[in-house]
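Enquirer: First residue of the sequence shown? That's 86 in the numbering used here, and the numbers climb one at a time after it.
Since the hints were made in silico from the structure, they are not lab data. Check the hints yourself; a few may be wrong.
[Said to hold, decoys possible] Here are the simulated lysine to aspartate or glutamate pairs, DMTMM-like style, with alpha carbons at most 20 Å apart:
id : residue 1 : residue 2
1  : K214      : E261
2  : K389      : E601
3  : K198      : E350
4  : K340      : D353
5  : K598      : E586
6  : K487      : E577
7  : K596      : E382
8  : K439      : E455
9  : K597      : E455
10 : K477      : E589
11 : K410      : E371
12 : K195      : D242
13 : K389      : E591
14 : K389      : E589
15 : K198      : D242
16 : K195      : D353
17 : K340      : E399
18 : K214      : D259
19 : K198      : E261
20 : K410      : E455
21 : K198      : D359
22 : K503      : E538
23 : K389      : E399
24 : K470      : E577
25 : K487      : E589
[What the hints assert, rightly or not] What follows is a list of derived Cβ distance ranges for each label pair:
id : residue 1 : residue 2 : range
26 : A367      : I524      : 25 to 35 Å
27 : V599      : A367      : 35 to 45 Å
28 : F319      : I524      : 17 to 27 Å
29 : E261      : K410      : 39 to 49 Å
30 : G296      : R341      : 32 to 42 Å
The C-beta atom is built at its ideal place from N, Cα and C for all residues, glycine as well.
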Amino acid sequence: MALRGHEAHPPATNGRSLFLIKVTVPVGMEMRVFGFSLAIMQTRTHQRKDQHRVDDQPAGKNAVNKSRRTNMKKQLGIWKLGLGLLFVVTTVGAFAETSPYAERRASLMKSIKQGPVILFGETDTHPGKRFRQDNDFFYLSGINDPCAVMVISAENDRTVLFLPRQSERERMIDGENMLLDPDAPGRLGVGAIYSASYLDEYLARILRRSGSRLWVRLSPADPQDGSRWETGIFTARAGRCAYNDVPTLDQQRVKRLRERYPFAELGDISPVLDRMRMIKDAHEIEILRRNGRISAEAVVAAIKATRPGAMEYELEAAAVGHILKNGADGPAYAPIVGSGPNSCVWHYNRNQRKMQAGEVVLMDFGADLEHYAMDITRTWPVSGKFTPEQRKLYATVLAIQKASIEAYRPGVTLADVKRHVAHRMREWKIPDRGLEGVIHHYVGLSTHDVGQEGLPLEAGMVFTAEPGLYDSKTGIGIRIEDTVLITPDGCEVLSRFVPKEIDEIEALMAKKKVEEGRSKKGDRLQEDR
Numbered sequence: 086m087a088l089r090g091h092e093a094h095p096p097a098t099n100g101r102s103l104f105l106i107k108v109t110v111p112v113g114m115e116m117r118v119f120g121f122s123l124a125i126m127q128t129r130t131h132q133r134k135d136q137h138r139v140d141d142q143p144a145g146k147n148a149v150n151k152s153r154r155t156n157m158k159k160q161l162g163i164w165k166l167g168l169g170l171l172f173v174v175t176t177v178g179a180f181a182e183t184s185p186y187a188e189r190r191a192s193l194m195k196s197i198k199q200g201p202v203i204l205f206g207e208t209d210t211h212p213g214k215r216f217r218q219d220n221d222f223f224y225l226s227g228i229n230d231p232c233a234v235m236v237i238s239a240e241n242d243r244t245v246l247f248l249p250r251q252s253e254r255e256r257m258i259d260g261e262n263m264l265l266d267p268d269a270p271g272r273l274g275v276g277a278i279y280s281a282s283y284l285d286e287y288l289a290r291i292l293r294r295s296g297s298r299l300w301v302r303l304s305p306a307d308p309q310d311g312s313r314w315e316t317g318i319f320t321a322r323a324g325r326c327a328y329n330d331v332p333t334l335d336q337q338r339v340k341r342l343r344e345r346y347p348f349a350e351l352g353d354i355s356p357v358l359d360r361m362r363m364i365k366d367a368h369e370i371e372i373l374r375r376n377g378r379i380s381a382e383a384v385v386a387a388i389k390a391t392r393p394g395a396m397e398y399e400l401e402a403a404a405v406g407h408i409l410k411n412g413a414d415g416p417a418y419a420p421i422v423g424s425g426p427n428s429c430v431w432h433y434n435r436n437q438r439k440m441q442a443g444e445v446v447l448m449d450f451g452a453d454l455e456h457y458a459m460d461i462t463r464t465w466p467v468s469g470k471f472t473p474e475q476r477k478l479y480a481t482v483l484a485i486q487k488a489s490i491e492a493y494r495p496g497v498t499l500a501d502v503k504r505h506v507a508h509r510m511r512e513w514k515i516p517d518r519g520l521e522g523v524i525h526h527y528v529g530l531s532t533h534d535v536g537q538e539g540l541p542l543e544a545g546m547v548f549t550a551e552p553g554l555y556d557s558k559t560g561i562g563i564r565i566e567d568t569v570l571i572t573p574d575g576c577e578v579l580s581r582f583v584p585k586e587i588d589e590i591e592a593l594m595a596k597k598k599v600e601e602g603r604s605k606k607g608d609r610l611q612e613d614r
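Whole structure, please, built from the sequences with the hints as guidance.
Expert: The following block contains the structure:
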């Protein structure tokens, strides 16, 4: 088992002969084969004790043979126990090391080849706010404990976690972290979990052995609903406010590392992580596919909740309720439900207006499922039928969105996609008219995920396609957005389960009205009885 706060040492033998079977085990199982050697020690101890019992018995062949048979049964039972422990430990360790997090750590260390990596998890949240782990930290660990630190060493292919010791009151309020859980290292596929107070000493020892390079995040962190470059922009804007130009937590950590290890050369691990996160692995794709369906069904629930006189927040409630019932942590970003003039405001999220007949409502929504985001936008008529003007504008945006999706395939760039859409617009004689398209961004752990736009598309990349047309004079804002996975032979629309064709939307809303009518009729019949 992993020792708590100390480097692990082999068990003491107290001068006895210790027979240790050496077994090659996966990383993350260090010292855990120790249980088998302990079982063998116990066997020898029982042998000595049983021998004393035999010697103390009266002479007699039957008594001696009976004692020996008992002794052999005990030995066999202990050996079975030892082998069972070894099997369980090996199985757990092997399973942990086949996890996507362990595979990502191994891939990361192959990329940098030399020097340890240190990553800091998200700190404690304020009371009443749900904790969400730092994206980079979660990507490499899958761990949701606050205030965690991870050190990955390429030299010995070892990952060590550091967690703060908790007081009794902290455990009572927040729950217990994994520091004192003896099985946690095996489950997580890490070498050990130590107290955070040991971090500085451990880093000093690692740097002494591995050289002067230390990898850390020097670029801005990406929050749940924004990318690194957006974080940089928002930080710069915040600096313009009075008394608000303060270092970020990451900047303070980097400063502390430079003060404590002045001989170390700090390298930015962010570009390496960004390149990895751009290409989704099978584990991520499976989550995103589930999220695509759940989020699409949530938007369908909002469409069904639409009626003149309803409040925008009623649509938000219908969508949020659906994703929570299906295992999501909540929305991936603040839901946008803009009706009438609010449909022309890109990031309107107050959702406080009463919807009126004859208007359109634009909803931008997606779930946060197992730390991965989905991003969907649909626009539909409040009354259930598009007006001729709304229909014309909607058809234009839909044609542009389809043209962008058909261009998504491996090898092309986003610039190629834009050129393809421009060609289609000329071919169909569609005027620009202030069309905002084709707007796209990566999707993953963040709604606006990390990634470089100039690179050729590769299988495993996930993008949005979200053109929009906004006419503030008429109060008509149209945006249609889907999240799209690049596949080896094209693309897959992950959010395809919510309708976007005009006829499909109107049919869905008409069906909803029929169902409501039947429900009201049934209520009246029940009252008459």
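Enquirer: Are the Cα atoms of K195 and D353 separated by 20 Å or less?
Expert: holds (16 Å)
Enquirer: Against the 20 Å threshold, does the CA-CA distance of K389 and E399 hold or violate the hint?
Expert: Answer holds: K389 to E399 is near 11 Å, not above 20 Å.
Enquirer: For the pair we were handed, K410 and E371, check the Cα-Cα distance against 20 Å.
Expert: With Cα atoms ~19 Å apart, K410 and E371 stay inside 20 Å; holds.
Enquirer: Is K198 within 20 Å of E261, Cα to Cα?
Expert: Between K198 and E261 the Cα gap is close to 35 Å, so the pair fails against 20 Å, i.e. violated.
Enquirer: Is it true that V599 and A367 lie within 35 to 45 Å of each other by Cβ?
Expert: Check passed, 42 Å falls within 35 to 45 Å.
Enquirer: Under the criterion that the straight-line Cα-Cα distance not exceed 20 Å, is the pair K198, E350 satisfied?
Expert: holds (15 Å)
Enquirer: Given the hinted pair K598 and E586, is their alpha-carbon gap at most 20 Å?
Expert: holds (19 Å)
Enquirer: Could one say that the CB atoms of A367 and I524 fall in the range 25 to 35 Å?
Expert: Since the Cβ atoms of A367 and I524 sit about 28 Å apart, the hinted range of 25 to 35 Å holds.
Enquirer: CA of K389 to CA of E591, is that 20 Å or under?
Expert: holds (11 Å)
Enquirer: Keeping to a limit of 20 Å between CA atoms, is the pair of K477 and E589 held or broken?
Expert: holds (16 Å)
Enquirer: Should the hint that G296 and R341 are 32 to 42 Å apart at their CB atoms be regarded as holding?
Expert: violated (20 Å)
Enquirer: Run the distance test for K214 versus D259: straight-line Cα separation, threshold 20 Å.
Expert: Holds, at roughly 12 Å.
The earlier numbered hints that this structure contradicts are 8, 9, 17, 19, 24, 29 and 30.
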